[in-house]
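Undergrad: Please construct the entire structure, taking both the sequences and the accompanying hints into account.
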Amino acid sequence: MRDAANNVIGRYFYDGDGRRVKKYVPSTGETTIFVYDVSGKLVAEYSIIVEPPATAKVSYLTNDHLGSPRILTDANGRVISRRDFHPFGEEIGTLAVVPGSPQSRTAALGYTTNTIRQKFTSYERDNESGLDFAEARYYSNYSNYSNQHGRFISTDPILIKKDRLVDPQRLNLYAYVRNNPFKFVDSIGEDLVLANRNARGTFRQVMACGLTQAERNNIRVLANGRVVLKNPNAINLQNASYAYQEIAGIINNRNLTINVYSVARGQTAQAFHIKMHTTAQA
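Positions 1113 to 1394 (my numbering) are the ones given, in order, by the sequence shown.
Just to be clear, a hint being listed does not mean it is correct.
[What the hints assert, rightly or not] Derived Cβ-Cβ restraints for the label pairs, each shown as a range: (1) Ile1265 <-> Leu1221: 25 to 35 Å; (2) Asn1226 <-> Ser1139: 44 to 54 Å; (3) Arg1229 <-> Ile1362: 25 to 35 Å.
[Said to hold, decoys possible] Cross-link-like lysine-lysine pairs, in silico, DSS-like; alpha carbons within 30 Å at most: (4) Lys1169 <-> Lys1135; (5) Lys1273 <-> Lys1153; (6) Lys1274 <-> Lys1295; (7) Lys1134 <-> Lys1153; (8) Lys1153 <-> Lys1135; (9) Lys1169 <-> Lys1153; (10) Lys1153 <-> Lys1295; (11) Lys1342 <-> Lys1295; (12) Lys1295 <-> Lys1273; (13) Lys1134 <-> Lys1169.
Note that these hints are calculated values from the structure, not bench results.
We put the CB at the ideal spot given by N, CA and C, even for glycine.
TA: This is the structure we're talking about:
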């Protein structure tokens, strides 16, 4: 990739399936290797620039229903940083403290910068260009650059299909998910999918661990991924399992809701609780 002055700012290498396997940034000298599992999912990144042993640490990302990392926590579950996004992915900056006004995004609440490259819907930010790597093409929404569009910078490689001919919102080959970024995502830069399409299935897989049959029957996952109790009084919480007590406690809190995003098969009830994402109701 070259900048406006025709200088090379990044070199990228791909395998036969189009997955990025190596990245080199001349300005920093950094080389990054990307490793995938047998299903093609990115599982690791290795860089020649590493964190010093004194500050190196384990951290975890908590994503929202679009797959955007919203909270970074350490190995003990302590919040390191938070971030919020505008509808098309522009990151909302930290607000200055103003006495007497609502403090929704301040450094005291954890809204600070971090070095995590996974951004909107988990697209990886190429800092050298300010673009987000969406596999088949690049997405532009970075507020620190002039290319803040909320659009792809090249046309959709799939071009036109029959279902797009009757959907005017999809005729623009640069547009992002038919201009409905709350409902759809485009994880590989080729076509949109429902953001929560796997919520109910993944949640049912986890409910098989740590919950009794009666507890599972009393929990329902709506189409939008929200978790509710069919009958709040059906299960005696004093005799309920750990997982059910945790779920019911959050559901019964009128200031919180639970939305299920992504959970791996076979996780324990405790691990499931860590993966849960709670959001305050408006």
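Undergrad: Could you tell me which of the numbered hints above are not met by this structure, giving the numbers in increasing order?
TA: Failing hint: just 2.
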